[in-house]
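Use the sequences and the hints to build the structure in full.
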Amino acid sequence: MNQDINIKKARTNCFRQSKVPGEFMLQMRVPGGFLDAAYLSVIEHIAKTWGDGNFHFGTRQTFDITGIPYGNIPAVNAYLEQYIREVDEQLCRVDLDTVSQEPQPWDPEGGYPTIGARNITACIGNYHCICANCNTFELARKIEPIIFPSHYHIKINIAGCPNDCNKAHLCDFGIIGVAKMTYHPERCIGCGACVRACEKGSTRVLSLNENTGKIEKDACCCIGCGECVRACPASAWTRQETKFYRVILGGRTGRQTPRTGKMFLNWATEEVVLSALRNWQKFSAWVMDYKPEYLHGGHLIDRAGYKKFKELILEGVALNPECLVAEDIFWQETEYRSNFNVKPMSLHHTAGPQ
Amino acid sequence: MEYALSAAQADEVLRALSRDFTVCAPKRFPKAGRYSDTDIVRYDRVEKFSDIVWETKSDYPAKEAVSPIQQTLFYFTEDEFRESKGPKKPILLFARPCDIHAQRIQAKIYAGNGGFEDFYYTRVRNLVKFAMMECGGGDDTCFCVSMGTNRTEDCSMAVKFSAEGMQVQLKEEAFLPYFQGMPETSYTPAFVEENVLKVEPPDLSDEGVYQALKKHPMWKEFDSRCTSCGSCTVACSTCTCFTTRDVLYGDNAEVGERRRVAASCQVAGFDQMAGQRELRPTPGDRMRYKVLHKFHDYKARFGESHMCVGCGRCIHRCPEFISIVETVRKMSAAVQEIQEEQSRAQAGAGVQP
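Sequence order for the protein chains is A and B.
Numbering follows the UniProt record's numbering, with no gaps: position 166 of the first sequence is 166.
Numbering follows the UniProt record's numbering, with no gaps: position 1 of the second sequence is 1.
Because the hints were derived from the structure by calculation, they are not lab data.
Predicted model only: the values in this text are computed from it and were never measured.
Certain hints may be false.
To be verified - Derived lysine to aspartate or glutamate pairs resembling EDC-like cross-links, with alpha carbons at most 16 Å apart:
#  : chain 1 : residue 1 : chain 2 : residue 2
1  : A       : 214       : B       : 173
2  : B       : 215       : B       : 285
3  : A       : 180       : B       : 37
4  : A       : 180       : A       : 102
5  : A       : 214       : B       : 246
6  : B       : 89        : B       : 37
7  : A       : 307       : A       : 328
8  : B       : 31        : A       : 328
9  : B       : 171       : B       : 47
10 : B       : 129       : B       : 200
Claimed, not checked - Pair ranges (Cβ atoms, derived):
#  : chain 1 : residue 1 : chain 2 : residue 2 : range
11 : B       : 276       : A       : 334       : 22 to 28 Å
12 : B       : 188       : A       : 89        : 56 to 62 Å
13 : A       : 322       : B       : 84        : 18 to 24 Å
14 : A       : 322       : B       : 20        : 40 to 46 Å
15 : B       : 216       : A       : 37        : 27 to 33 Å
16 : B       : 50        : A       : 11        : 55 to 61 Å
In this text, a Cβ means the ideal position worked out from N, Cα and C, and glycines have one as well.
Pasting the structure below:
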């Protein structure tokens, strides 16, 4: 193999370098991980025509097509136009001519304009799941045009309920569908099914008052999973019509400082989540002084400090009355080496205008 | 007299009726279902034509309008008490034939059983007039034809709903004034003549077979499948079981009220006696009790028909997908097995000298 390849440029274009010299793996975005099954023939066509015939379910729910020789990239990109237009432009209403909030006309023959904001992953949500509290991929499709295309990295995972199968706790900005419940005592038969469900599968916030035969709830510790609704034989518990979300911030994996995310917002409405995300690029730009680096969102929060993050991300966001916000967040990192953050001043990072 | 009402005219008639009646019908409660973004259809007061859900079966039965899940019987203060006030207005209850038959059965339990008439049931039931909703055939959990509840004449009017409005056949003259000036038509209500789902309860008149069926291993299946949640009995058109509870107001035990609240034979503890003993400690025991009650015991006591009216709501609401029809079929298979065993035993006994 003797080719002059700019692998960083290929990576930004969503083609990942292979250990086999000159081969690449294409990562196709699937916001929310849900698509018409007809696209499987598109995957098959790309893999059989330009790749090695196989594909991998990317860990971020992308369609990953392996073994594409560098020389095939222009042909793959030209073929991708229809997929990108249908999935990102039409389904998600993404503006392909704006990158990192700056005008940059999209080359329809050129494939993905950037890899920056990563594919938004989601569990199947209430489209199918009996536990879920929200439609996860519809939310993903609303978020996609807010964060993509952008060179600023962010990983967003959406889980339909606090069971968090999709690991909102292990990404920059994890969103969990939660429900606020209404109790209808006049329909309650006092069977205690909700109490047992909460005890077995949630946070033990319900109890049966033996004097009244009705349920009492420690509302403060309720995580909004909706197991009580599922357990009730008489519809004495119902989910309120408004959908609420919990946002888990700053989780990550990695070689240096892996950590579980912590609660940033609780009981936020969809509009609050979307408006906070609309500030994401502005926040990232401020931290890196408008010079995007290949750096994930959680690290930007570290550099700026949580309080600065909170100030910038909530700028102009009209919080719904139920919404609670973390005053401070103290993450606990896995210490691969102790005193990881103690190092020469020259290795310290800065945030804000340079 | 028969009328064809547009939606607007139906609204007008319902408005007029509402002056003298509490009009109850199946109503949609958006997003109040067991799973996210699913609805519940249950009985409630309706005010206009568009409130009434007629295309689909209600999740909960019409009985809620007559014997609600919870009801205050009386209030007490020291040595005095006062009965709760019953409904003031008569009730016009929109119900399908299965639900109307269910009231015939509920009346047997509440007011025709053991020589005692339940005051609180009767005072409401006496105020109920039925508007029979012509049933388009229900859904795939319905089996009214098998249970003989597909037809009824027990109503003040019959109504056929469509997106455009409703056709009405008046059977009781007292309702004529509410329809004055409305366009007349020719309408005769139709009844469901066949369901996809059919069931034939086995003959359990032989005491030996009946006793052997109670001990049959078929019921064990439900120990692992049934969660004893009671959804089936709350959704049942005919279940009447309730428990009473005295609720004290604050810390003064002399003041309070007595309520009755629906109870379920499927929920553990239903049959718990002093000393903590339970007669039916397993889900299988409880399922056997319910199924035999609905498909044998009631008929054995009252004669006329089985208790189950085939509305299928227990199947529809069961979160574990247990079908009562399939359970009855399993029961029939078990009966056949028992009978074969009995005849083998008799034949075997015959060769003995």
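**Request:** Decide if the proposed pair is consistent with the structure: residue 180 of chain A and residue 37 of chain B, CA atoms, cutoff 16 Å inclusive.
**Result:** Given pair residue 180 of chain A, residue 37 of chain B holds - Cα atoms ~13 Å apart, limit 16 Å.
**Prompt:** Lying within 56 to 62 Å: is that true of the beta-carbon distance residue 188 of chain B to residue 89 of chain A?
**Reply:** At 57 Å between Cβs, range holds.
**Message:** Holds or violated: the 40 to 46 Å window for the beta-carbon distance between residue 322 of chain A and residue 20 of chain B?
**Reply:** holds (43 Å)
**Prompt:** Would the pair residue 214 of chain A and residue 173 of chain B pass a check requiring their Cα atoms to be no farther apart than 16 Å?
**Reply:** violated (45 Å)
**Message:** Run the distance test for residue 215 of chain B versus residue 285 of chain B: straight-line Cα separation, threshold 16 Å.
**Reply:** At roughly 9 Å apart (the allowed maximum being 16 Å), residue 285 of chain B and residue 215 of chain B satisfy the hint.
**Item:** Range hint 22 to 28 Å (beta carbons of residue 276 of chain B and residue 334 of chain A) holds or violated
**Value:** violated (50 Å)
**Prompt:** Within 16 Å, alpha carbon to alpha carbon, are residue 180 of chain A and residue 102 of chain A?
**Reply:** At roughly 39 Å apart (the allowed maximum being 16 Å), residue 102 of chain A and residue 180 of chain A break the hint.
**Asked** How does the Cβ-Cβ distance of residue 50 of chain B and residue 11 of chain A compare with 55 to 61 Å: does it lie in that range?
**Response** Hint holds: Cβ distance 57 Å, inside 55 to 61 Å.
**Straight-line alpha-carbon gap residue 171 of chain B to residue 47 of chain B, limit 16 Å** = violated (22 Å)
**Asked** Should the hint that residue 216 of chain B and residue 37 of chain A are 27 to 33 Å apart at their CB atoms be regarded as holding?
**Response** Distance hint for residue 216 of chain B, residue 37 of chain A is violated at roughly 46 Å.
**Prompt:** Within 18 to 24 Å or not, the Cβ separation of residue 322 of chain A and residue 84 of chain B?
**Reply:** violated (36 Å)
**Asked** Between residue 214 of chain A and residue 246 of chain B, does the CA-CA distance stay at or below 16 Å?
**Response** This hinted pair holds, its Cα atoms lying about 12 Å apart.
Going down the numbered hints, you'll see the structure goes against 1, 4, 6, 8, 9, 10, 11, 13 and 15, while the others check out.
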